[in-house]
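Q: Here's the letter readout for the chains.
Number of protein chains: 4
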Amino acid sequence: MTKMVVVFHSGYGHTQRMAQFVAEGAKASLVEINDEGLVTPEGWAELDQSDGIIFGSPTYMGVVSWQFKRFADSSSKQWYSRAWQDKVAAGFTISANLSGDKLSTLQYMMTLAMQHGMLWVGQSSHCDGGVNRLGSYSGVMAQVGSTQSASEISLGDLETAKAYGLRVAELTQRLHAKT
Amino acid sequence: MTKMVVVFHSGYGHTQRMAQFVAEGAKASLVEINDEGLVTPEGWAELDQSDGIIFGSPTYMGVVSWQFKRFADSSSKQWYSRAWQDKVAAGFTISANLSGDKLSTLQYMMTLAMQHGMLWVGQSSHCDGGVNRLGSYSGVMAQVGSTQSASEISLGDLETAKAYGLRVAELTQRLHAKT
Amino acid sequence: MTKMVVVFHSGYGHTQRMAQFVAEGAKASLVEINDEGLVTPEGWAELDQSDGIIFGSPTYMGVVSWQFKRFADSSSKQWYSRAWQDKVAAGFTISANLSGDKLSTLQYMMTLAMQHGMLWVGQSSHCDGGVNRLGSYSGVMAQVGSTQSASEISLGDLETAKAYGLRVAELTQRLHAKT
Amino acid sequence: MTKMVVVFHSGYGHTQRMAQFVAEGAKASLVEINDEGLVTPEGWAELDQSDGIIFGSPTYMGVVSWQFKRFADSSSKQWYSRAWQDKVAAGFTISANLSGDKLSTLQYMMTLAMQHGMLWVGQSSHCDGGVNRLGSYSGVMAQVGSTQSASEISLGDLETAKAYGLRVAELTQRLHAKT
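Chains as they are written, first to last, in our numbering: chain H, 3 to 181; chain P, 3 to 181; chain Z, 3 to 181; chain G, 3 to 181.
Treat the hints with care, as some may be off.
Any copy will do: because identical chains look the same in the list, a pair fits if it lies in one copy or spans two.
[To be verified] The calculated lysine to any residue pairs, modelled on SDA-like cross-linking and capped at a C-alpha distance of 20 Å, are: (1) K29 x T149; (2) K79 x C129; (3) K79 x T42; (4) K5 x E38.
Hints listed in this document are in silico derivations from the structure and should not be mistaken for laboratory results.
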């Protein structure tokens with residue numbers, strides 16, 4: 003069986019809830035980036051041993067949060083040694099606007115994955131109103147009002163997250179399964 | 003008085019309607035890129051004599067239409083001679099998805115403006131539900147269902163277009179007015 | 003055996019030469035986008051039957067040529083039916099500047115691949131002076147002076163192209179080989 | 003007279019040296035983002051009172067450093083109140099690769115400026131070998147080997163920085179001078 007990890011930073015719980023649904027779909031373990039942008043040694047070990055990594059971050063001021071970026075900068079050791087090469091990568095984000103700069107966040111996650119020599123998997127389902135209602139292809143975008151709590155994220159967005167996790171895990175399995 | 007031009011390609015009339023509202027706000031003339039990606043000599047003259055240019059294109063397959071791109075490639079003469087340097091630039095797009103890759107279209111328009119040495123002006127109003135309902139900052143994003151006609155574009159999106167035209171024209175006036 | 007295709011537009015022969023080296027590394031067939039942005043029916047059939055597609059375009063006015071974009075727009079039929087879903091995708095570009103907006107071209111190719119539900123494979127080798135001398139990760143970047151012919155592309159850039167083709171083909175083989 | 007500020011984060015002194023040349027050209031004051039991503043209250047006051055802000059950051063793992071991003075996230079107060087609206091913005095970056103993902107850094111700085119409602123000014127001079135040798139338009143890119151010190155940045159890159167500062171200051175003067 004291949005090993006999947008969802009690594010995320012969540013400012014107010016919204017990204018965490020999305021992460022839980024992505025992880026459920028991917029049967030992945032969750033690694034949290036804390037408020038200082040740090041990951042535990044156990045978290046780093048999980049990432050290094052994984053076959054696929056799914057990145058999660060809110061979109062703040064036009065791209066990933068600084069805590070997520072600190073995590074990305076800390077992965078320069080893995081970058082240098084090519085430790086994450088050929089792992090599968092994917093990503094999701096959530097913010098208060100319907101569109102906003104969420105694509106910028108996914109683009110950066112793709113750039114990070116490319117720095118590591120990973121393969122990027124986006125979303126494949128067309129927008130059908132509920133699932134992928136924002137019409138995102140590079141990864142998952144979700145949206146919830148700025149005064150709404152994580153429990154108010156729409157069912158469609160959560161289902162989108164779960165289906166994406168499943169898709170990424172299946173492709174990782176095809177690429178990395180030991181037979 | 004400064005001279006503003008809105009140059010746009012429209013596949014099915016949606017971008018054209020947006021262009022009309024942007025032009026109304028900016029008191030701009032309209033230059034159309036035709037279905038072959040061509041602009042008339044009069045259109046090129048208008049662009050060359052302008053103080054500010056606002057780009058408009060649908061988002062097709064993740065960025066501006068090929069017709070818009072052909073127009074952009076044709077502007078390499080102006081690029082080489084720096085003919086558009088220091089003009090003000092701005093942009094808008096419309097597509098069927100709420101988010102989709104509309105940001106990619108605006109990003110490309112910014113890249114094109116930078117190639118020309120122009121100054122880029124985005125949108126300044128926060129999303130208030132009606133105006134800037136998609137929450138775009140780099141320029142204007144509008145959305146209408148894939149089976150809906152141009153006449154069904156929401157009033158909020160049209161007002162957003164008009165207010166943006168006004169903003170771009172005012173800043174162009176401040177930068178380029180002959181005193 | 004998996005089937006690889008390199009689809010490219012070349013304005014003055016530079017991208018074509020790069021395409022030949024990528025194709026040699028990937029043991030891929032070549033499909034050319036002509037000066038009007040068109041591909042033959044046989045070319046489309048090759049693309050539809052492939053397991054992996056490598057995109058090639060010069061960087062003109064900050065992104066892919068309009069001919070390449072016309073090809074991308076024409077692939078909306080495949081987009082709608084998800085015909086290219088789960089195929090492997092990759093890309094390369096060449097321009098006269100060392101950096102310029104080549105990244106913008108690779109970003110767009112990634113966006114296009116995501117629209118199609120493909121998996122993106124970048125470059126994995128660090129810059130060593132000769133191979134990957136420009137330090138690109140999202141795909142291959144090459145550079146040659148604006149007055150230089152295709153035969154003057156540096157050996158390092160051509161070797162980079164060939165090694166990238168090999169890498170993309172190997173990962174496609176792992177993902178799509180019928181056992 | 004208009005007021006210019008260069009705000010930057012520098013990991014090993016290279017970005018700082020670039021910042022000094024940009025500031026010399028722009029007759030700007032320098033505000034440093036420290037190793038924790040913080041700016042002094044005096045620094046924030048300078049930024050708030052400025053007419054134009056030039057952003058500087060190394061490119062780490064594909065975009066601005068986490069310290070620069072923390073600064074960007076901290077500017078959400080100014081974002082909310084539109085305190086920086088209509089200020090002029092510009093940016094520069096330096097990294098070890100000739101191309102790499104430096105464009106991604108400039109793109110993010112543009113996105114940040116758009117979030118704030120600022121006007122973006124890129125570079126206007128074509129590459130002439132020495133000045134703008136990397137061929138960047140969206141802002142200034144510089145390059146120096148990973149084992150080289152800040153004192154080894156090429157004269158051409160430093161001159162590019164200085165000329166860019168001058169250009170940004172002149173356009174700010176045209177837009178914001180009180181007459």
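Q: Taking the hints in turn, state whether each one holds.
A: Do the hints match the structure? See the list:
no. : hint       : verdict
1   : K29 x T149 : neither (31 Å within a copy, 38 Å between copies)
2   : K79 x C129 : between (38 Å within a copy, 16 Å between copies)
3   : K79 x T42  : within (15 Å within a copy, 31 Å between copies)
4   : K5 x E38   : neither (26 Å within a copy, 34 Å between copies)
The earlier numbered hints that this structure contradicts are 1 and 4.
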